[in-house]
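S.K.: Residues per chain are reported as follows:
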Amino acid sequence: MEQATLLEVKNLKKYFEIRGGLLQRVTGYVKAVDDVSFAVQRGETLGIVGESGCGKSTTGRTILRLLEPTAGQVMFDKIDLAKLSREEMRRKRKDIQMVFQDPYASLNPRMAVADIIGEALPAHGVTDGAEIRRRVNETLELCGLTAEQGQRYPHEFSGGQRQRVGIARALILRPKLIIADEPVSALDVSIQAQIINLLQDLQVQFGLTYVFISHDLSVVRHISNRVGVMYLGRLVEIGFAEELYENPRHPYTQALLSSIPRTDPLAKRERVILQGDVPSPANPPPGCAFAPRCPKAMEVCKTVRPEMTELSKSYQVACHLFRTE
Amino acid sequence: MLIYIVRRLAAMIPILLIVAVVIFLFLHMIPGDPARIVAGPEASAQDVENTRIVLGLDRPIYEQFWEFLSGALQGDLGYSFRTREPVMDMISDRIMPTLELSFVSMVWAIGAGMLFGVFAATKRGKWQDQLTMFGATTGISMPSFWLGLMLIELFAVQLGWLPTGGNQSAEHYILPAITLGSQVAAIIARFTRSSLLETLGEDYVRTARAKGAREMRVVWLHALRNALLPVVTMTGMQFGFLLGGSVVVESVFSWPGMGNMLITSVSMRDYPVIQAEMLLFAIQFMLINLLVDVLYAVINPQIRLDS
Amino acid sequence: MSQSVTPVSAAPGVTIPVAADSPARQFMRRFSRQKLGVAAFVVLVGLFLLTFIGPVISPYDPIKPDYNTLLQPPSAGHWLGTDEFGRDILSRVIYGTRISIAVSLSSVVIGSVIGTFVGLTAGYYGGNYDSLVMRTCDVMFAFPGILQAIAIIAILGPGLHNVVVAVAIYTVPQFIRIIRGSTLALKNMMYIEAARSVGIPDRLIIWKHIFPGTFSIALVYFTMRIGTAILIAASLSFLGLGAQPPLAEWGAMLSSGREYLMSAPHVALFPGLAILITCLAFNLFGDGLRDALDRKIVD
Amino acid sequence: AGDKKPSELVIAQDANPTTMDPHDTQDTLAYGIQKTMYEGLLGFDKDMKVIPVLAEAMPELAKDAKSITFKLKKGVKFQDGTDFNAEAVKANIDRLKDPANKLKRASLYTAIDHVEIIDPYTVKIVLNKPFAPILQAFAHPAGLMISPKAIKEYGKDLNRHPVGTGPFQFVEWKDGQYVIVKKFDAYWDKANAAKVDKITFKPVTESASRVAMLKTGEAQFIYPLPSEQVEAIKGDSNIVVDQAQSIIERYVVFNVTKKPFDDKRIRQALNYAVDKDALAKVVYKGFASAPESAFAPKVWGFQKQQMYAYDVEKAKKLLAEAGVPNGFEVTLWTPNDTVRAKLAEFVQQQWQAIGVKATIQQMDFVTLTNQLSVKPEESKLQVAISGWSPSTGEADWGIRPLLTKNMFPTAGFNVGFYANDQLEKFVTTGLESGDEKERLNAYGEAQKTIVEDAPWVFLTVQDNLAGKRKNLSGVYVLPDAALDVRGAAFQ
Amino acid sequence: MTTQKKLLEVNDLCIAFRSQDSVVTAVTGVSFSLHEGETLGIVGESGCGKSVTSLSIMRLLPLETSHIDGRIQFDGQDLLKLPIDEMQDIRGNRISMVFQEPMTSLNPVYTIGKQIDEAILLHRKMSAKEARALTLEVLKQVGIPRSEAIAKEYPHQLSGGMRQRVMIAMALACRPKLMIADEPTTALDVTIQAQILDLMRQLRQETGASIMLITHDLGVVAEMCERVLVMYAGQIVEEADVVSLFQEPKHPYTVGLMQSIPQLTKKVSRLVPIPGQVPPLTKMPPGCRFAPRCQHVMDVCMTENPQLQKVADGHSCRCWLYGKGGGLDGASDITRG
Ligand SMILES: Nc1ncnc2c1ncn2[C@@H]1O[C@H](COP(=O)(O)OP(=O)(O)OP(=O)(O)O)[C@@H](O)[C@H]1O
Ligand SMILES: Nc1ncnc2c1ncn2[C@@H]1O[C@H](COP(=O)(O)OP(=O)(O)OP(=O)(O)O)[C@@H](O)[C@H]1O
Ligand SMILES: [Mg+2]
Ligand SMILES: [Mg+2]
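Each protein sequence line maps, in turn, to chains F, C, Y, H and P. What the first sequence shows, in the numbering used here, is residues 116 to 440, in sequence order. What the second sequence shows, in the numbering used here, is residues 3 to 309, in sequence order. What the third sequence shows, in the numbering used here, is residues 1088 to 1386, in sequence order. What the fourth sequence shows, in the numbering used here, is residues 57 to 547, in sequence order. What the fifth sequence shows, in the numbering used here, is residues 165 to 501, in sequence order.
Everything labelled a hint here was simulated from the structure, so no lab data went into it. One or more of the hints may lead you astray.
Short, incomplete list of chain C residues facing chain Y, as computed with Cβ under 10 Å [as the list claims (entries may be wrong)]:
(1) 33
(2) 136
(3) 142
(4) 147
(5) 154
(6) 294
(7) 298
(8) 302
Derived BS3-like pairs (lysine-lysine); straight-line CA-CA distance at most 30 Å [as the list claims (entries may be wrong)]:
(9) 1151/Y x 436/H
(10) 417/F x 304/P
(11) 1274/Y x 291/F
(12) 373/H x 1151/Y
(13) 383/F x 430/P
(14) 315/H x 230/H
Quantities reported herein were computed from a predicted structural model and do not represent experimental measurements. Glycine included, each C-beta is placed from N, C-alpha and C at the ideal position.
The shape of chain F in the complex, shown without the other chains (with noise of 0.2 Å):
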């Protein structure tokens, strides 16, 4: 078990500073991270889900290194990301990847999709022209693009291909571990399912190890093993897919379940609808982040911030309903 692990987020924290005022001194935090802790298992899809503004985004980019993180260590093939020099990291990349969410504006529209794609290797000491062009082929066809389409630029291409596009140039280092943040959100849901099963495919071709960041919660339990639920900066649950969708525990993720409208106009549920929005991260009530939300709430939440608890051994949750003394 310890041997599979590929990534561990311990205690990550991202605070944003806001600035203010004439000098333009820090005059408070956004916390978009507040000690959050994970692992994720060689070969297997950890889905992190929750709502705008929760962090998930934050999250896999502090991973990657792309923020700076604030506090916390990511130990990735046993080495603490957060401590390696800038350039060290840049090189280390080639080994993480990320697939981004808008399929628009996370590629250049200045340059030929071939150049996107192509564009990683000599960064990564891949210099040989031919050789570049080969393997840029090689990943265009594997993301189910042609090699002549590479030619073109990312204008002409339909959102779904753009996505592909995105995939490739994640692809081409055959990195270890891929972190994708909302990579269908943006897209139709006729070609959602098509980059979903081409995730998949490569997953099981490559061997990958994907960290599937999105709000879309069906999306997610289709293809995630495990399932990480975020509010607020903070994860508030994680489990097995199954177990978290079949028997959520904690009472936020049972609202935004219940929330989902069904594709069945006979289905008599019941529904939670919560009242009230999401607090300002800058700003977040001092007990569970929750409670002002909660239909559950105690007296207690409203001091007291949860701490993860185990469930089982692949079960966790923070909230004090579920406290063990």
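Given chain F's structure and the hints, the job is docking chains C, Y, H and P with the ligands onto it.
M.R.: Using the frame of chain F, we list chains C, Y, H and P with the ligands on its own:
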């Protein structure tokens, strides 16, 4: 808001100090010995030496700087080399004509610029748009001294409608203000147009239409107010430009303002006056920036100054 | 403009196919639609040609005086008349093209290259370096351009080389601001982050991703600044700080012509028009470029 | 349309005055204004001849030229009511002489040792050395008499509070806008009392704007009127152009310590190469004349000399003799005002014909002055456009500061470092002799020497041009370019 | 609840856009009707013409570049033939609209209250004070707490969900007969979406307004609508009441759509995507527009575009599988099992 303004004003002090140092060093780098010039073409070596002492230029440079700085902090800018008048008095004589002229120019430039800009934007792509923008670009491309001289020739000399120079009455403002403001008006027109075209494509403009608002209302109340934000910033920048442009225009229209005085002072190496004027320019510039930021916040509720 | 437009009543979905195109080709297509821009471009090409073939086509020697033909109004012999030394104004205006364009172009090139470099690095790296650059720019902005130029010339001495330096120095902070602004915007683009995520080094990101992104704005601004540079150089010559006689520089011609504004207006009129037209052409060309490159780029 | 008879005069000039303190003034423009309010013991008439003003008659210069005695007019009062008398004269000269005052015009009176009051209306001025031009020094506006009360009262601020004996008294001075004077009712000379109530002097730097003001009637008198503008007002029947020869001579100065200008033949060649008549026509539209000596005819002591006629062949021959048959290259400095720049351009064109390639370098006036005011070994000057107007109106001041050894910068203006022992001798004689004939003789020789030795290219003597409305009289420009407006009157 | 009276009837709507290069036809031959009190859903992929259709009803498409053909009958008036000022009287008054982007659809420089006041004052003769009272009332109605305070705030001070409530309040202020909601919840989080949908259901009951709900989320359609139009590439491909659409989808596109959505309740190992992609407007296939992606494609599909035809009671479909004699049997193949 008030606290914000006070704090901004306070923050100007260190910058002004730097500006003062820069100006001072800069001036002393410019070749040309003021004592020689002030003493006059027929002065003997002794006369020049005397003049140097009178002007205080015989002392070490750091002492001169210290005197300038400590004086400036107490509101004493020294005496003009040229006229021996207190610089403060000279400036207080000159600043109003310049400010008045800048203000009048700015008012008409903003008025005309916005009007034309809005007009062009609403006629986007049609010949009216093209013509207006062509005119505006011509305005930007015209050397102001040329325009000024042409206006004098036409309206003062040929037609005799307006005076050629000076600032005695309202009539005197017309030609210099047109000359000084035309470039700014042209820039504002272009800027307003492009800014308005952008806001006209915004979702809230569609919302306004969906409410049933008439087109006039949509343009002037919904789109323009938002389009004004970048226009305000740019207009503020133009004000600085205007102060610079007044150097040329004031000389063409013998306007007794700061620009005119600056030219004389530079040609005479009248350090105290140049220093004071440059400092004043810098202060004006910063005050205008502040004003722009405040205005911006007034127009745009999303900006909160006191945070 | 070569594309024909199908009437609206055409069968649903039928359209004229558009060649699959690169950004450059797209740009050409869009630019060719800017009527004023194209016209301005033609004028500019003409001006550039003039700088080469000017000596061949100009009817007279631009600096050889003829004291028998002082200040003559336009005539068949001298299309634009003669100046106070009896020199042919047309020939001088033609020769002046070369000087005015060389001066404005070189000063703006120098200014924009330095400004772009500093702007890119300041915007990308941020931090103290950025603050320092921006404060310096603020101080420079606090002084009106013409004053800056006068001061710089006062130190360096008059002459065309120094006009180039002065205008370049004046141009630098403007470019820094523009380029830094758009660098800041681009820096937050997803595709920059994507490039970083695959391990592209910073300097390559700046060079290959950010610079091309700022390029269009820089180009538009570049053309417009040339107009401004011509005007500043002219003002400096007007104040006697620019070109030295007998060089045929438009500003200097205008400056000496102003004395005859009432008795022989053509002396000032034609160099003035030359400045106006050139400046106008650069500005309109810049407008056209901007519209063709991106509607979002504002003045 | 004929103008109504106005009582107020507006005069537009090209600059601001710098001060209203005549003892501390160095610009002629300020003197023009001061002379409405102040009077001196002596003065110049239209042709630079010295005449008595507050002195009863022309004073007596002692034979040894070491003292001079003035008899003063009686019944003269300053505008503040103070009497004008010997005390007042002494107060003025003492003020000028006091080194603590550091007055700019003190140097003009260094020859004075002290003042003796003989009686209330007679003063004797004792000199410390023979100094014949002392008469001109007293005719110079620097010798204008200030009210002793005002001297005491205002001290340093005198420059803003002029009080004299003149026909006008001070009203207001707004820098950059105007100086206003009004009629002084208690003026002593009823015959020459002011004929207008008020005069406003306005600075209008742009010459086209000045002309426009004259045309529209906003100003009744403008000075200077650039020769280029004359054409523009020719057709206007309400305007007349005042033209009179000035004492300003323009020349190109050689740095005679620099090769090849140490060779007289080169200097002469460059003189021959310039067509002075064409110059007057092209640069001054004919409002100038070819020079006839080292200074202008209206300067006291002038004698017409045989000048260098325009002769390209001769010039070429001289160059060949000097060993540079194909000419050479040279940098020509010039101040950056339009007229002098044009002058430079003209010279450049002329020299081109004999193969001398001049590169013009314009400098602002201050920079140029600075570049020139250096020791011989530091000077970078080759040749420069220059000019001189001897403000005392006599020969000594037209030669000595420019061409004698003691006047190398920074002591004087011998910026070309010209030195000629013979010339020094003539100048000393002219300076120290009390005998007019001897002096005139000495100056004649001096002029001959200068012209022959050609330390300059003698270019032109320009005219003073002013524009005025036809109904205005009594306003004119003195040869030294100062205005005399005291007699201004409208018809 | 549904009466038979038709409130809105759209006939053969064609919408084309002219650009410098070409003319593209975004919507072709769209016909449908909406009854009083009914909620009609329009679903389809991005770019299929949903928004354009709704904007054309409001006549909010850009005048210079768009061209609308067909007939839009609203309450007996042909909207397309109305003079512009009469149309402006209808907008926001009898037909109102809620847009997708609550973040950008409110004018950032005016307070919430002012913007709703304006909507009222444009159509009702009343004083500013009365308008404000009404504003506060509708704000309360859409569940905004502290409505007086909120009315004085600016849009940026509100969260996305609140802004969408404000948009709905603005749309309802004049009691319109028809409210067009163009993807009102797409930009919102699921928990907030649930709030807004709940609110809309409630308001529909209270005001009796007809709603045209545009969305690409089949779940939202299932929960909110009575009748559904499915659009593909500018055409309606299927029209049915909500239950039969979900239980017996007819068109291969509708079926594919349903199969490609991962289900929350049951896990399949692999999704069944619709292959290929929506053809761009400039390259529409000559026959059935879905043919290139269709698993059941036949020769006829490649050449001829089928008509929308009735396949069951209140259920029509544009597909050759049901063509020429209503081959309903073909349908059973593709209906998911
Ligand atoms: N560069 C930044 N500076 C300041 N705050 C930031 C920055 N990036 C993100 N945040 C804030 O951090 C919080 C978490 O953002 P993040 O992008 O991680 O959310 P998310 O879960 O990915 O949301 P979404 O679903 O909208 O993508 C948000 O409140 C956001 O405003
Ligand atoms: N103003 C316009 N000019 C040109 N084409 C337009 C314009 N507006 C829309 N279109 C085109 O019309 C087609 C239909 O657009 P529409 O906005 O109706 O799609 P939609 O179904 O609402 O999609 P989405 O789900 O993305 O909102 C698109 O292909 C779009 O490119
Ligand atoms: Mg995100
Ligand atoms: Mg839409």
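S.K.: So which of the earlier hints does this model not fit?
M.R.: 6, 7, 8 and 14
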